[in-house]
Amino acid sequence: KAGVTQTPRYLIKTRGQQVTLSCSPISGHRSVSWYQQTPGQGLQFLFEYFSETQRNKGNFPGRFSGRQFSNSRSEMNVSTLELGDSALYLCASSLAGEKNIQYFGAGTRLSVL
Amino acid sequence: GDSVTQMEGPVTLSEEAFLTINCTYTATGYPSLFWYVQYPGEGLQLLLKATKADDKGSNKGFEATYRKETTSFHLEKGSVQVSDSAVYFCALITGANSKLTFGKGITLSVRP
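Here the protein sequences line up with chains H and C, keeping their order. So for the first sequence, the numbering used here puts the first residue at 65; every next one is plus one. So for the second sequence, the numbering used here puts the first residue at 245; every next one is plus one.
Next up, chain H with everything else stripped away, as it sits in the complex (with noise of 0.2 Å):
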């Protein structure tokens, strides 16, 4: 069974542009889950989503978006690219939310220059 296939692993973008992320969750999983990952914040929640709804969300400002497609892969998208944003974006998948196991997608490493 294949894993959390996000794509791409690896992007460099400058301060300004946007970027979209995108994840393909284990097949079956329907509620996909963002993270943040940063050496100063550690992992931080974005959003979830579940049967293409958002069903909770981070405190993180409105440049950070996402979505969910009816086959349950996910796409996030950041707009207005700032310094800060650098990071590595992690992308989770579960059956159905609740108090169920994440499992975890390799991550897309994205600096900003």
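Worth double-checking, as some hints may not be accurate.
As the list claims (entries may be wrong) - Computed spacing ranges between beta-carbons, pair by pair:
1) Met251(C) x Gly80(H): 38 to 44 Å
2) Ile165(H) x Leu257(C): 24 to 30 Å
3) Asn123(H) x Glu260(C): 21 to 27 Å
As the list claims (entries may be wrong) - Derived coverage of chain H by chain C (criterion: at least 3 residues anywhere in the stretch with Cβ under 8 Å from a Cβ of chain C; other residues may be distant):
4) 90–102
5) 165–175
To be verified - So, partial list: chain H residues that the calculated Cβ filter (under 8 Å) puts toward chain C:
6) Gly106
7) Leu107
8) Ser150
9) Leu154
Just so you know, the hints here were simulated from the structure itself, not pulled from any lab data. From the three backbone atoms N, C-alpha and C, an ideal C-beta is built for every residue, glycine too.
For chain H, the structure is supplied; the task is to place chain C on it using the hints.
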């Protein structure tokens, strides 16, 4: 709000040494507790979990017991190997959501 506190790192041990990584938590409600491990250049892998008081999670020689009275979930391994070198995160989930709250993580280095 929910929070997880891990002991300060990094930790450096010799191969076959005993490992303890402390983790305590504050949570509203009754959390499920997890240990995740991150190897260099990779995402997070679930190491073990416990969903109720006195549960012991175990995997690959690692163990952790859910202690409600001390709000702790300390990770232990009797004999570490070089391949255990990684970053270890303690985490919890509460209530009807899937938001994982993580500790800051601790880097473990095991010397041959």
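- prompt: Taking each numbered hint in turn, which are not upheld by the structure, reported in ascending numerical order?
  reply: As far as the earlier hints go, 3 and 8 are violated by this structure, in ascending order.
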